[in-house]
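Given chain A's structure and the hints, the job is docking chain B onto it.
For the protein sequence lines, the chains are A and B, in the order given. Just so you know, we're using the working numbering here: the first sequence kicks off at 1 and counts up by one. Just so you know, we're using the working numbering here: the second sequence kicks off at 1001 and counts up by one.
Mixed in with the good hints there might be a few duds.
[Said to hold, decoys possible] As a list, the in silico DSSO-like pairs of lysine-lysine whose alpha-carbon atoms are at most 27 Å apart: (1) 98/A - 1091/B; (2) 141/A - 172/A; (3) 138/A - 1023/B; (4) 188/A - 36/A; (5) 1041/B - 141/A; (6) 98/A - 1023/B; (7) 141/A - 1091/B; (8) 188/A - 141/A; (9) 141/A - 1093/B; (10) 98/A - 1041/B; (11) 98/A - 1110/B; (12) 1091/B - 138/A; (13) 1023/B - 188/A.
[To be verified] Between beta-carbon pairs, the in silico distance windows are: (14) 1045/B - 189/A: 41 to 47 Å; (15) 1110/B - 139/A: 37 to 43 Å; (16) 1003/B - 69/A: 21 to 27 Å; (17) 1024/B - 170/A: 23 to 29 Å; (18) 178/A - 1023/B: 28 to 34 Å.
Simulated from the structure, these hints should not be mistaken for laboratory data. For glycine and all other residues, C-beta sits at the position ideal for the given N, C-alpha and C.
Residues per chain, in single letters:
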Amino acid sequence: MTEIFDEHAATNFYFDRGFNTEAVKLLPGEYFVTSKDMMLVTVLGSCVAACIRDNYSGIGGMNHFMLPDAGGDPNSPLNASARYGTFAMEILINQLLKLGARRSNLEAKVFGGGNVIDGMTVTNVGQRNADFVLDFLKTEKIKVVAQDLVDVFPRKVYFFPKSSKVMVKKLKNIRNNEISAREKAYRKSLDKADTGGGDIELFS
Amino acid sequence: MAKTILAVDDSASIRQMVAFTLKGAGYEVIQAVDGEDALEKANKHTVNLVLTDINMPRMDGLKLLELLRKLSNYKTVPILMLTTESGDDIKAKGRAAGATGWLVKPFDPKRLLEVIAKVIG
Chain A
1 MTEIFDEHAA TNFYFDRGFN TEAVKLLPGE YFVTSKDMML VTVLGSCVAA
51 CIRDNYSGIG GMNHFMLPDA GGDPNSPLNA SARYGTFAME ILINQLLKLG
101 ARRSNLEAKV FGGGNVIDGM TVTNVGQRNA DFVLDFLKTE KIKVVAQDLV
151 DVFPRKVYFF PKSSKVMVKK LKNIRNNEIS AREKAYRKSL DKADTGGGDI
201 ELFS
Chain B
1001 MAKTILAVDD SASIRQMVAF TLKGAGYEVI QAVDGEDALE KANKHTVNLV
1051 LTDINMPRMD GLKLLELLRK LSNYKTVPIL MLTTESGDDI KAKGRAAGAT
1101 GWLVKPFDPK RLLEVIAKVI G
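Only chain A is shown next, with the shape it has when bound in the complex (with noise of 0.2 Å):
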């Protein structure tokens, strides 16, 4: 049951050649946080992913989720997807925290929430993700420095911390069956996942 909240760090670790850097690939359900000069690469349909650094010190990181469908009352801030988000953006706020970065010096810049997944128009889940990961950054008081949000095409980010580069590739010409099967797992393992929260243990 503890499948879904598994928010686990992206291991996919590569030199390229082409930005001539370390660098490592985020798939969907991952994050990643560094102090070192990389590049953090991801593939985004639907999903969004948050870059998120603390601007003074260069400490910086990403993640890569999407809302599960939870059902229930989707403006209530209790509901299941709500709280599913809340945990993965702060699983990657903590990391950060954990590396040293200061919460007062983060800001954010967000990407994807395309709508790109065939059979997912209808209740245009990247409209959903990109929305969620706005309010959640307002409601933080963490600033968003730049995003690019929804559309129709799949992206490819490229995230420097150290700099705060981003650069962002629109996927135009690219058949998106694979990006598009990617998301359908992911999001089929968070629909089946069970939504009733992380352990419990009491001491006493």
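Just chain B, lined up with the frame of chain A:
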């Protein structure tokens, strides 16, 4: 009289969700943004239960727990940790420092209320 819960989290989103849950169940809620803020509020108010995050700026939840347990009026008040941390080591640390229970985020509102009712009911 309604029981009072001190809810501590540096994330405004989590504070909102927790407060909404607790108020809906009839509890009075005092919110604090980190350990220092919580300690100050714990000294000022009579609190029946503390529900605290761990990873927070200025003073984290474990330090808060440790300092609260040194106060004579917080020796037996239930203190629940609500955290993304689930490692055995940190859990053991919390237990040794006097935590009443450990809840791993994300929280389920219904189960959170059940646990609270159990420890202060």
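Cross-check of the supplied hints:
Distance hint between residue 98/A and residue 1091/B is fulfilled; the C-alpha atoms sit about 17 Å from each other, no more than 27 Å. For the hint pairing residue 141/A with residue 172/A, the CA-to-CA distance comes to about 33 Å; that exceeds 27 Å, so the pair is violated. As the CA atoms of residue 138/A and residue 1023/B are separated by approximately 23 Å, the hinted pair is consistent with the 27 Å bound. Straight-line distance between C-alpha atoms of residue 188/A and residue 36/A comes to about 34 Å, which puts the hinted pair past the 27 Å bound.
Only pairs whose Cα atoms come within 27 Å are accepted, and residue 1041/B paired with residue 141/A is accepted, the gap being roughly 23 Å. With a CA separation close to 31 Å, the supplied pair residue 98/A and residue 1023/B exceeds the 27 Å bound. Restraint check for residue 141/A and residue 1091/B: not satisfied, since their Cα atoms lie roughly 30 Å apart, outside the 27 Å limit. For the suggested pair residue 188/A and residue 141/A, the alpha carbons sit about 32 Å apart, so the restraint of at most 27 Å is broken.
Between residue 141/A and residue 1093/B the CA atoms are separated by roughly 32 Å; this puts the pair beyond 27 Å, and the hint is violated. Between residue 98/A and residue 1041/B the CA atoms are separated by roughly 25 Å; this keeps the pair inside 27 Å, and the hint holds. Between residue 98/A and residue 1110/B the alpha-carbon distance is near 30 Å, which puts this suggested pair outside the 27 Å criterion. Distance hint between residue 1091/B and residue 138/A is unfulfilled; the C-alpha atoms sit about 32 Å from each other, more than 27 Å.
Between residue 1023/B and residue 188/A, the direct Cα distance comes to roughly 33 Å. Violation of the 27 Å bound is thereby established for this hinted pair. Separation of residue 1045/B from residue 189/A is about 43 Å and conforms to the stated range, judged on CB atoms against 41 to 47 Å. Checked against the given bound of 37 to 43 Å, the beta carbons of residue 1110/B and residue 139/A, roughly 23 Å apart, lie outside it. Taking the beta carbon of each, residue 1003/B and residue 69/A are about 36 Å apart, not inside 21 to 27 Å as hinted.
About 43 Å separates the C-beta atoms of residue 1024/B and residue 170/A, a value inconsistent with the hinted range of 23 to 29 Å. Our hint of 28 to 34 Å for residue 178/A and residue 1023/B is violated, since their Cβ atoms are close to 46 Å apart.
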